[in-house]
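Use these hints to put chain B onto chain A, whose structure you have.
One line per chain: the protein sequences are A and B, in this order. Converting from the first sequence to the working numbering requires adding 522 to each position, the first position being numbered 1. Converting from the second sequence to the working numbering requires adding 334 to each position, the first position being numbered 1.
Wrong hints could be hidden among the right ones.
What follows is a list of derived Cβ distance ranges for each label pair [what the hints assert, rightly or not]:
1. B:Leu697 <-> A:Arg611: 58 to 64 Å
2. B:Ser413 <-> A:Gln732: 39 to 45 Å
3. A:Phe566 <-> B:Ser413: 50 to 56 Å
4. A:Thr555 <-> B:Gln763: 35 to 41 Å
5. A:Leu629 <-> B:Arg560: 21 to 27 Å
Think of the hints as simulated: they come from the structure by calculation, not from any bench. Glycine included, each C-beta is placed from N, C-alpha and C at the ideal position.
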Amino acid sequence: MTDVSNRTEARRSSARASALAISLLKFILTVLTTYLGLLAVTFFIGRVVPIDPALAIVGDRAPAHVVERVREELGLNLPLYEQFFIYIRQVLSGDFGTSVLTTNPVLTDIARVFPATMELATVGTIIGVLFGVPLGILAAVKRGSIADQIVRVIGLIGYSVPIFWLGLLALLFFYAKLNWVAYPGRVDIVYEYSFTPVTGFFLLDAAMQQQWDVLWDLFRHIILPGALLGYFSLAYISRMTRSFMLNELSQEYIVAARAKGLSETRIIWFHALRNAAVPLITVIALSYAGLLEGSVLTETIFSWPGLGLYITNSLQNADMNAVLGGTIVIGSVFIAINLLSDVLYRMLDPRTRSR
Amino acid sequence: MMNSFNKRLKLMTTSAALALILAGAPQAYAATPADTLVLAWAIDDIITLDPGEAFEISTAEVTANTYNKLVALDPADTSKVIGDLAESWTISDDGLTYTFKLKSGLKFASGNPITAADVAYSFERAVKLDKSPAFLLTQFGLTGDNVTEKAKATDDMTFVLTVDKAYAPSFVLNVLTSTVASVVDKVLVTEKAKAMTPTAEYKYDTDFGNEFLKTGYAGSGPFKIREWRANEVVVLERNDNFYGEKAKLARVIYRYMKESAGQRLALENGDIDVARNLEPGDFEAVAKKEGIATTSAPKGTLYYFSLNQKNPNLAKPEVIEAFKYLVDYDALGETLIKGIGSIHQTFLPSGQLGALEDKPYKLDVAKAKELLAKAGLADGFTVTMDVRNTQPVTGIAENVQQTLAQAGIKLEIIPGDGKQTLTKFRARQHDIYIGQWGSDYFDPNSNAETFTFNPDNSDEGKNKTLAWRNAWDPTELSAKTQAALLEKDTAKRAAIYEDLQRQVLATGPFVMIFQQTEIAGYSDKVKDYKLGPSFDTNFVYTVSKD
Numbered sequence: 523m524t525d526v527s528n529r530t531e532a533r534r535s536s537a538r539a540s541a542l543a544i545s546l547l548k549f550i551l552t553v554l555t556t557y558l559g560l561l562a563v564t565f566f567i568g569r570v571v572p573i574d575p576a577l578a579i580v581g582d583r584a585p586a587h588v589v590e591r592v593r594e595e596l597g598l599n600l601p602l603y604e605q606f607f608i609y610i611r612q613v614l615s616g617d618f619g620t621s622v623l624t625t626n627p628v629l630t631d632i633a634r635v636f637p638a639t640m641e642l643a644t645v646g647t648i649i650g651v652l653f654g655v656p657l658g659i660l661a662a663v664k665r666g667s668i669a670d671q672i673v674r675v676i677g678l679i680g681y682s683v684p685i686f687w688l689g690l691l692a693l694l695f696f697y698a699k700l701n702w703v704a705y706p707g708r709v710d711i712v713y714e715y716s717f718t719p720v721t722g723f724f725l726l727d728a729a730m731q732q733q734w735d736v737l738w739d740l741f742r743h744i745i746l747p748g749a750l751l752g753y754f755s756l757a758y759i760s761r762m763t764r765s766f767m768l769n770e771l772s773q774e775y776i777v778a779a780r781a782k783g784l785s786e787t788r789i790i791w792f793h794a795l796r797n798a799a800v801p802l803i804t805v806i807a808l809s810y811a812g813l814l815e816g817s818v819l820t821e822t823i824f825s826w827p828g829l830g831l832y833i834t835n836s837l838q839n840a841d842m843n844a845v846l847g848g849t850i851v852i853g854s855v856f857i858a859i860n861l862l863s864d865v866l867y868r869m870l871d872p873r874t875r876s877r
Numbered sequence: 335m336m337n338s339f340n341k342r343l344k345l346m347t348t349s350a351a352l353a354l355i356l357a358g359a360p361q362a363y364a365a366t367p368a369d370t371l372v373l374a375w376a377i378d379d380i381i382t383l384d385p386g387e388a389f390e391i392s393t394a395e396v397t398a399n400t401y402n403k404l405v406a407l408d409p410a411d412t413s414k415v416i417g418d419l420a421e422s423w424t425i426s427d428d429g430l431t432y433t434f435k436l437k438s439g440l441k442f443a444s445g446n447p448i449t450a451a452d453v454a455y456s457f458e459r460a461v462k463l464d465k466s467p468a469f470l471l472t473q474f475g476l477t478g479d480n481v482t483e484k485a486k487a488t489d490d491m492t493f494v495l496t497v498d499k500a501y502a503p504s505f506v507l508n509v510l511t512s513t514v515a516s517v518v519d520k521v522l523v524t525e526k527a528k529a530m531t532p533t534a535e536y537k538y539d540t541d542f543g544n545e546f547l548k549t550g551y552a553g554s555g556p557f558k559i560r561e562w563r564a565n566e567v568v569v570l571e572r573n574d575n576f577y578g579e580k581a582k583l584a585r586v587i588y589r590y591m592k593e594s595a596g597q598r599l600a601l602e603n604g605d606i607d608v609a610r611n612l613e614p615g616d617f618e619a620v621a622k623k624e625g626i627a628t629t630s631a632p633k634g635t636l637y638y639f640s641l642n643q644k645n646p647n648l649a650k651p652e653v654i655e656a657f658k659y660l661v662d663y664d665a666l667g668e669t670l671i672k673g674i675g676s677i678h679q680t681f682l683p684s685g686q687l688g689a690l691e692d693k694p695y696k697l698d699v700a701k702a703k704e705l706l707a708k709a710g711l712a713d714g715f716t717v718t719m720d721v722r723n724t725q726p727v728t729g730i731a732e733n734v735q736q737t738l739a740q741a742g743i744k745l746e747i748i749p750g751d752g753k754q755t756l757t758k759f760r761a762r763q764h765d766i767y768i769g770q771w772g773s774d775y776f777d778p779n780s781n782a783e784t785f786t787f788n789p790d791n792s793d794e795g796k797n798k799t800l801a802w803r804n805a806w807d808p809t810e811l812s813a814k815t816q817a818a819l820l821e822k823d824t825a826k827r828a829a830i831y832e833d834l835q836r837q838v839l840a841t842g843p844f845v846m847i848f849q850q851t852e853i854a855g856y857s858d859k860v861k862d863y864k865l866g867p868s869f870d871t872n873f874v875y876t877v878s879k880d
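Excised from the complex, chain A in its bound form (with noise of 0.2 Å):
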């Protein structure tokens, strides 16, 4: 009887482990064609660009016969199936290439300006969970009231308005008009050569050296970008949470709550949230994810030395090698979100663990 019951035992944990080692195979499967198409479509975009990439090394006045050997060193002559493979051998031993505009090698560049785009994406995050939650169980609260609809256009107006066109706005309001943030850019040149970062997180870095002054500095530059990320990332949490919330309302142990008597506040905030909750985490992680993406345009408006800057005056100069190494960064981290959403998901909710 013991026996029979090992054996089902051990043929379950080995199906089990099948079950893992498939799943594992097609997530690798998944994340390397992801990578292939990245790479791809980005290097091929890079070359049919009608741009000479000889050019941005040169300069715009260089001789004739500069260009030409240039063109030959870059390798530009070959064929373009040749050139890929060429560049997919060099990412696969780690090597990113030089940066043409920075003449660094690429990686190291993005070690310096990736924690710039990482402060600015969580400090929007911040701001759109501390709002957007809150609003979104009001909304939830209060389905068809005054304040949902409010909400409603809120969310409406951070999901539809484009990013540059709002931060052109708040830039021309809020720093040319009434001059109470300071002018684009991550800090003052003031205390940029005053103060030494450590971890690259600035605000993180003068709150430890205990500068104040800097710190208020950096505060002064990151709230009119944060504010903005921060908005139309609250957009999509409140949204979420409304429905998130809406559904958990509706569901049965809510009624038997209701029954026994539990404060509504109770209900709401202990028993709704806390279920809402593990799906609302896949929906910030997503959320800081899009922003760590989206940073694109707010950085070029807002000057700030963050990727998104980077890649976009990489592009402007036909920096190849840094467009595609920004690129691949900006995918990893999207794959790694996604995958960490996905984990934090099943943990915390049973009922999608594996049974």
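For chain B alone, coordinates are given in the frame of chain A:
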């Protein structure tokens, strides 16, 4: 517990809201520090700071403030060349040997002494690296094989340069004022140089410190370069070892800002001291503001459009002439280039030897129509123009589009990024290209060569001058241009250039529009801020601040 959670959430949201409001608290914000000058400028053309490689407008200004050359242009009188590191020089009777004596007691920023060996090394590395501006030196017959012999130190204080032909001395000296002739610290550069494996294309076992100097510094000028971050910032710091008068400011920061409106805002708000890329409207507006001053200087840069002679319609002499009558010069002068340029129709900018001020063309639609009819194109034709997405060229192109239409010519504008339009122009694939041209050095040969010299008009031609790019074959003019280089009599030399300009004005496929006036708006706290006569004479070491 529920209450405390609720309270905490409330506290969090209100404090976030409070933070938002606080951020908006108006405050008198500290302007730029008194020992630091902050300039906003479109420095996106910088691709390297190595004087042996750099060939861009912004870089020329940076190197001019941080490096020294043997000789320099006299900012007060551009027809004169004065000594910089050189105390004096002599030219041999046959016109082939130039002997320079250095000033004594000179030092690099590193503290190393400056000797003739450093000068010789600087020439050697520029020629052997063979980067974009190397032709400025190799045109004198210097090659990788002979440079150590033709440009050498005979003792610590004496540098001797031997050229291959008896060029006009003013031409040689003018070329030696350009960035590529900057003197680098041999000891420091050799130390930082990277070993290379010689190949068929590059025969040397060192990179002559090229990688180091792309972002590094090894000069002796009034400022040293502390940092350059592409499309972000260039930071200069005072060099206390500079031989001349020490810079008044401790630090000069060039901040990358491209848009005129942004620069105007930052200037008005005190975030920058100098705005360098103001468009006419913004320039006029800041000029009226209290606390802001303006300055301007004519520059050697010309704006023009050119007609590709590969297009059979554009190759007709009557059509070329008609285009010159189809530009509303007066209207452009009143609007798009007001304050930032003056109408100019010849290929030599005012201020250079032999420059002609002739302006025979005016908008004359009737005359243009007559010419088009003579060319058999009475009903007009359709043609494209490649236009870079920047002002003022976009505006000019649109204006020309309207005036051309009056004569029946339909102009299609193809907008593009700078590198994109340039790629097409360099490959002679355009119909019409609108662009700007600045002299490489302050000598008429620089422009004469590009506008009139085209010894091989085939697609494989090696000299890809502007004449070549437009498939224009001015055989007779090519020879004249070369002859002018050997004319030692300055007056006669000037006469040759005048003649060349008249011929291009009459028959060349170039429609010259205006010569740039460089402008800047600056805080009146800044004292003695001046723009020089050329792009590499905008000096900042004389500037001080209240």
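Query - Non-conforming hints, listed in increasing numerical order - result: 2
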